[in-house]
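Please construct the entire structure, taking both the sequences and the accompanying hints into account.
Protein sequences, first through last, are from chains A and B. In this text, residue positions in the first sequence follow our numbering: the first is 1, and each later residue adds one. In this text, residue positions in the second sequence follow our numbering: the first is 1, and each later residue adds one.
Hints are computed from structural coordinates only; laboratory data are not their basis. Being a predicted model, the structure only gives us computed values, none of them experimental. Among the hints, a few may not be true.
No copy labels: a pair is met if it fits in one copy or bridges any two.
[Unchecked claim] In silico lysine to aspartate or glutamate, EDC-like type, Cα no more than 16 Å apart, as pairs:
id	residue 1	residue 2
1	Lys517	Glu486
2	Lys457	Glu407
3	Lys116	Asp143
4	Lys478	Glu84
5	Lys5	Asp492
6	Lys5	Asp495
7	Lys300	Asp260
8	Lys297	Glu329
9	Lys14	Asp34
10	Lys14	Asp35
11	Lys116	Asp139
12	Lys14	Glu329
13	Lys146	Glu385
14	Lys517	Glu407
15	Lys408	Glu454
16	Lys458	Glu407
2 protein chains.
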Amino acid sequence: MKHSKQEWWNRFQKYYTDFPTLGLALDLSRMNVDDAFFSAMSPKIQHAFMKMAELENGAIANPDENRMVGHYWLRNPTLAPIPEIRKAIEENLSQIKSFIAQVHAGKLCGQGGPFKNYLLIGIGGSALGPQFVSFALGDPRTDKLKPYFFDNTDPDGMHRVLAGIGTELNQTLCIIISKSGGTKETRNGMLVAKSAFDKARLDFGQHTVAVTTIGSELHKFATDNRWLATFPMWDWVGGRTSELSAAGLLPAALQGIDIDSFLSGARQCDELTRTYNVISNPASQLALALYASGNGKGVKNMVVLPYKDRLELFSKYLQQLLMESLGKELDLDGSNVNQGITVFGNKGSTDQHSFIQQLRDGLSNFFVLFIEVQIDEYQRSLFVEPAVTSGDFLHGFYLGTREALSEKGRESLTLILRDVSPFTVGMLIALFERTVGLYASLINVNAYHQPGVEAGKKGAVNIIAIQQRIFEFLQEHKGEFFTLTELSNRVDAHDDFEIIFKICEHLSQNPYRSLRKVISDSPFTAKYGLS
Amino acid sequence: MKHSKQEWWNRFQKYYTDFPTLGLALDLSRMNVDDAFFSAMSPKIQHAFMKMAELENGAIANPDENRMVGHYWLRNPTLAPIPEIRKAIEENLSQIKSFIAQVHAGKLCGQGGPFKNYLLIGIGGSALGPQFVSFALGDPRTDKLKPYFFDNTDPDGMHRVLAGIGTELNQTLCIIISKSGGTKETRNGMLVAKSAFDKARLDFGQHTVAVTTIGSELHKFATDNRWLATFPMWDWVGGRTSELSAAGLLPAALQGIDIDSFLSGARQCDELTRTYNVISNPASQLALALYASGNGKGVKNMVVLPYKDRLELFSKYLQQLLMESLGKELDLDGSNVNQGITVFGNKGSTDQHSFIQQLRDGLSNFFVLFIEVQIDEYQRSLFVEPAVTSGDFLHGFYLGTREALSEKGRESLTLILRDVSPFTVGMLIALFERTVGLYASLINVNAYHQPGVEAGKKGAVNIIAIQQRIFEFLQEHKGEFFTLTELSNRVDAHDDFEIIFKICEHLSQNPYRSLRKVISDSPFTAKYGLS
Numbered sequence: 001m002k003h004s005k006q007e008w009w010n011r012f013q014k015y016y017t018d019f020p021t022l023g024l025a026l027d028l029s030r031m032n033v034d035d036a037f038f039s040a041m042s043p044k045i046q047h048a049f050m051k052m053a054e055l056e057n058g059a060i061a062n063p064d065e066n067r068m069v070g071h072y073w074l075r076n077p078t079l080a081p082i083p084e085i086r087k088a089i090e091e092n093l094s095q096i097k098s099f100i101a102q103v104h105a106g107k108l109c110g111q112g113g114p115f116k117n118y119l120l121i122g123i124g125g126s127a128l129g130p131q132f133v134s135f136a137l138g139d140p141r142t143d144k145l146k147p148y149f150f151d152n153t154d155p156d157g158m159h160r161v162l163a164g165i166g167t168e169l170n171q172t173l174c175i176i177i178s179k180s181g182g183t184k185e186t187r188n189g190m191l192v193a194k195s196a197f198d199k200a201r202l203d204f205g206q207h208t209v210a211v212t213t214i215g216s217e218l219h220k221f222a223t224d225n226r227w228l229a230t231f232p233m234w235d236w237v238g239g240r241t242s243e244l245s246a247a248g249l250l251p252a253a254l255q256g257i258d259i260d261s262f263l264s265g266a267r268q269c270d271e272l273t274r275t276y277n278v279i280s281n282p283a284s285q286l287a288l289a290l291y292a293s294g295n296g297k298g299v300k301n302m303v304v305l306p307y308k309d310r311l312e313l314f315s316k317y318l319q320q321l322l323m324e325s326l327g328k329e330l331d332l333d334g335s336n337v338n339q340g341i342t343v344f345g346n347k348g349s350t351d352q353h354s355f356i357q358q359l360r361d362g363l364s365n366f367f368v369l370f371i372e373v374q375i376d377e378y379q380r381s382l383f384v385e386p387a388v389t390s391g392d393f394l395h396g397f398y399l400g401t402r403e404a405l406s407e408k409g410r411e412s413l414t415l416i417l418r419d420v421s422p423f424t425v426g427m428l429i430a431l432f433e434r435t436v437g438l439y440a441s442l443i444n445v446n447a448y449h450q451p452g453v454e455a456g457k458k459g460a461v462n463i464i465a466i467q468q469r470i471f472e473f474l475q476e477h478k479g480e481f482f483t484l485t486e487l488s489n490r491v492d493a494h495d496d497f498e499i500i501f502k503i504c505e506h507l508s509q510n511p512y513r514s515l516r517k518v519i520s521d522s523p524f525t526a527k528y529g530l531s
Numbered sequence: 001m002k003h004s005k006q007e008w009w010n011r012f013q014k015y016y017t018d019f020p021t022l023g024l025a026l027d028l029s030r031m032n033v034d035d036a037f038f039s040a041m042s043p044k045i046q047h048a049f050m051k052m053a054e055l056e057n058g059a060i061a062n063p064d065e066n067r068m069v070g071h072y073w074l075r076n077p078t079l080a081p082i083p084e085i086r087k088a089i090e091e092n093l094s095q096i097k098s099f100i101a102q103v104h105a106g107k108l109c110g111q112g113g114p115f116k117n118y119l120l121i122g123i124g125g126s127a128l129g130p131q132f133v134s135f136a137l138g139d140p141r142t143d144k145l146k147p148y149f150f151d152n153t154d155p156d157g158m159h160r161v162l163a164g165i166g167t168e169l170n171q172t173l174c175i176i177i178s179k180s181g182g183t184k185e186t187r188n189g190m191l192v193a194k195s196a197f198d199k200a201r202l203d204f205g206q207h208t209v210a211v212t213t214i215g216s217e218l219h220k221f222a223t224d225n226r227w228l229a230t231f232p233m234w235d236w237v238g239g240r241t242s243e244l245s246a247a248g249l250l251p252a253a254l255q256g257i258d259i260d261s262f263l264s265g266a267r268q269c270d271e272l273t274r275t276y277n278v279i280s281n282p283a284s285q286l287a288l289a290l291y292a293s294g295n296g297k298g299v300k301n302m303v304v305l306p307y308k309d310r311l312e313l314f315s316k317y318l319q320q321l322l323m324e325s326l327g328k329e330l331d332l333d334g335s336n337v338n339q340g341i342t343v344f345g346n347k348g349s350t351d352q353h354s355f356i357q358q359l360r361d362g363l364s365n366f367f368v369l370f371i372e373v374q375i376d377e378y379q380r381s382l383f384v385e386p387a388v389t390s391g392d393f394l395h396g397f398y399l400g401t402r403e404a405l406s407e408k409g410r411e412s413l414t415l416i417l418r419d420v421s422p423f424t425v426g427m428l429i430a431l432f433e434r435t436v437g438l439y440a441s442l443i444n445v446n447a448y449h450q451p452g453v454e455a456g457k458k459g460a461v462n463i464i465a466i467q468q469r470i471f472e473f474l475q476e477h478k479g480e481f482f483t484l485t486e487l488s489n490r491v492d493a494h495d496d497f498e499i500i501f502k503i504c505e506h507l508s509q510n511p512y513r514s515l516r517k518v519i520s521d522s523p524f525t526a527k528y529g530l531s
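Next comes the structure, spelled out in structure tokens:
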């Protein structure tokens with residue numbers, strides 16, 4: 001890839017495509033793609049287009065779970081394959097809008113007055129999208145509600161968030177999001193939040209809504225406890241593609257983000273990317289560029305570098321969308337493929353002062369996805385030098401780094417966004433949803449399940465059960481102390497020495513748990529008991 | 001790596017090392033290491049220990065820049081090779097302490113009263129460490145000053161931070177950090193902040209301190225404008241190892257973090273990791289584990305997964321520390337090696353709901369660095385099930401995921417921290433500084449320079465210069481419109497079509513810049529001019 005400036009310019013003109021109705025342009029000129037590659041891939045991408053059309057028409061596109069995949073219908077319900085789904089989407093949207101209107105008008109209040117904050121409790125697909133959108137489009141100058149998040153089961157982390165809310169708990173609306181309604185981290189977060197409301201002598205249910213599948217554990221809990229409202233999730237929307245369902249729309253609208261424009265950006269991107277013509281379809285261009293760079297096997301990491309602070313969380317969002325969708329052991333034929341694309345990154349030019357050193361000089365195991373945003377901000381920027389703003393520097397650093405990487409044969413592609421607005425953010429989400437769907441077809445994997453995360457969850461459930469048996473056993477033998485070997489036999493966890501060691505060490509470091517340790521010569525022969 | 005539980009337990013006992021004085025334990029049992037590997041590496045690691053000792057004694061450990069590397073002296077000035085350095089470190093620490101005491105006592109105030117916030121303006125090594133430490137150790141319940149950061153040159157990003165500070169600008173202390181004193185992003189941030197103070201009719205200098213090399217551009221500016229204070233940086237401290245210099249200590253202490261304990265953690269880790277005995281040296285154990293996993297060539301990504309919200313930014317900190325230190329084209333003998341280790345990650349169990357799917361089932365191109373924290377929080381946690389807290393779930397998810405990865409042959413190592421405190425965070429920083437130093441010796445690269453980042457910066461300067469010439473030229477020809485080809489000739493930027501196109505497109509999207517575009521059939525034949 002050694003080219004003169006004129007040759008680069010020729011490549012640029014050839015591989016730069018402008019999609020003005022989307023506020024988007026795409027530049028593949030610094031990727032290792034050429035006409036021969038696009039020709040060779042033509043049958044595969046045409047097949048992918050066809051599979052996508054089937055999916056959009058209601059095929060069982062997630063065969064392992066025997067489910068339809070319907071996130072595209074969320075922004076155009078008329079496409080839904082059955083009238084019930086169309087109706088459900090439309091009713092949900094009007095339910096959200098009327099709920100939001102009541103909140104913003106102060107008709108629906110907390111016990112301390114109009115809602116000032118929301119506290120979203122969710123994890124994975126129920127947090128990453130809302131966090132990305134909230135950070136991209138929110139602003140202290142315009143936010144109608146201030147966003148807070150519980151996105152984990154760390155009690156210290158949650159208490160710190162609650163401390164940030166402080167005395168405004170009585171004006172805070174909790175949004176509990178769990179598609180299955182049984183996610184432990186989210187259940188725990190809900191309980192910790194409820195406990196804080198209880199302590200403040202506030203009625204939790206009067207400050208809380210649920211977003212979950214109708215009939216789930218969470219749905220029952222919300223109904224039984226007369227929460228303010230519940231909003232539906234559906235089995236045909238996956239967690240990582242749920243940003244345009246209630247999971248994403250509700251918090252966005254609460255914050256004051258224009259969800260009609262957000263939906264419109266996604267819908268218009270869907271419409272434009274349904275074409276079978278690769279050149280006028282940015283999703284297929286992206287999917288093919290990813291395929292070219294990683295040889296269809298994900299051999300290169302994708303480094304996401306938006307030159308815009310607001311897009312800093314986009315890499316985390318894409319991390320889930322790509323890695324959970326594509327990181328699969330088996331393909332659709334059951335062959336072992338160990339697929340995936342590794343995604344990371346933060347933002348430019350900040351990362352130039354961090355890891356760009358390695359990108360230019362070190363391991364050549366990546367390509368960069370640059371994101372350039374043309375409108376710097378919706379006010380005049382300060383001139384930091386004659387005729388130059390700090391936004392010009394941001395732009396200059398992007399161009400300089402793109403060139404510096406290219407000089408060393410490092411590939412990059414650039415998405416050029418007109419601005420960061422509800423429309424373009426909705427468009428961006430739809431663009432990558434479709435890119436991932438097409439890429440998954442190219443490599444023949446199911447993009448819509450996640451079989452690999454169950455093992456860790458089951459392991460955790462087993463560990464929690466062993467811990468409970470240890471406590472029960474030690475409670476019955478209060479004051480007695482046992483070695484790991486003894487404990488493993490007595491609690492019926494034979495050979496689980498490592499797990500019992502870790503549990504006992506963890507508990508004995510937290511004094512109020514009352515588990516005492518009697519030390520020995522080696523850390524592995526200590527004894528543990530309840531005092 | 002298929003083992004029975006008993007075999008895993010045997011490996012665990014062998015490769016688990018406890019360092020109680022550091023509040024640290026290290027578990028390499030799930031990495032592909034064995035006795036034969038440690039024996040084979042013995043000469044290399046002994047050589048690395050020797051080089052590290054030379055470095056600590058004041059050798060020119062950064063030969064390209066002809067500099068000593070002295071970050072270890074910062075926490076034990078008696079080790080400094082010359083008395084002037086010892087004195088400088090000691091004086092700096094007492095200057096910080098007396099400055100902080102004045103701020104906290106309200107003797108040094110903003111124009112609106114005692115300082116409530118600090119706004120740190122820095123990038124790379126001048127932001128990542130302070131952000132990591134601030135997030136790990138700060139808390140709305142205890143913070144003496146609330147932290148804000150400008151870590152980029154995005155005007156919109158900066159204005160959003162300023163909007164968060166709101167009317168408290170007159171009680172906000174600005175800390176401008178740039179070792180060289182010439183970092184453009186930081187200079188721009190300083191100018192944007194100054195402009196906000198000016199607009200609020202506040203004296204910027206009365207609210208601002210600089211941390212920079214004595215005599216730098218920034219130092220002169222601070223002195224000329226009578227800022228509150230300046231704190232020194234030194235050429236023997238690199239940006240990415242500057243967290244225990246004024247760059248890190250000043251903001252940490254302002255926030256209310258115990259910097260004596262922070263320094264002590266780092267110092268005690270230094271003392272313990274000076275031993276040439278691998279088994280009792282966690283830094284050398286880590287360096288060797290990294291080497292084993294990546295075959296000394298960084299072929300595996302390092303995925304950082306702390307099961308603790310407070311440590312979420314640690315991966316970003318390590319990203320810089322490892323990738324900027326190790327990501328080198330040439331080794332110390334001048335051979336082309338393209339080294340590095342790729343680092344990313346956020347936190348568990350959150351990431352289990354994001355990319356762990358790929359880690360277990362997909363590409364086998366990584367190892368995981370788990371971080372377990374034993375003390376959940378310094379208060380009683382809520383029981384979410386009988387005898388089980390949400391912290392137990394966090395712990396259970398860590399163990400479950402470690403096991404689920406191990407089942408599939410995915411390697412992991414675990415750092416076990418007693419807690420997240422100033423002492424252990426200081427320890428953690430020192431531990432990885434030394435790990436990186438030792439690893440760099442193992443692979444024979446200079447860990448203390450960053451030659452690869454210059455090209456992007458120079459490119460940016462060139463682009464800014466072209467932009468200025470375009471403006472000057474168009475100013476002289478107001479009302480006339482030019483094609484890219486014409487412009488490239490007229491502003492003496494021959495063949496720089498791509499750059500000129502990008503500059504003109506960027507500017508024409510920001511209406512107040514007055515650059516107008518006359519569209520044509522193709523985006524590449526448009527004309528541009530000043531109206």
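task = Give me the numbers of the hints this structure contradicts, sorted from smallest to largest.
result = Per hint list: 4, 7, 12, 13 and 14 violated.
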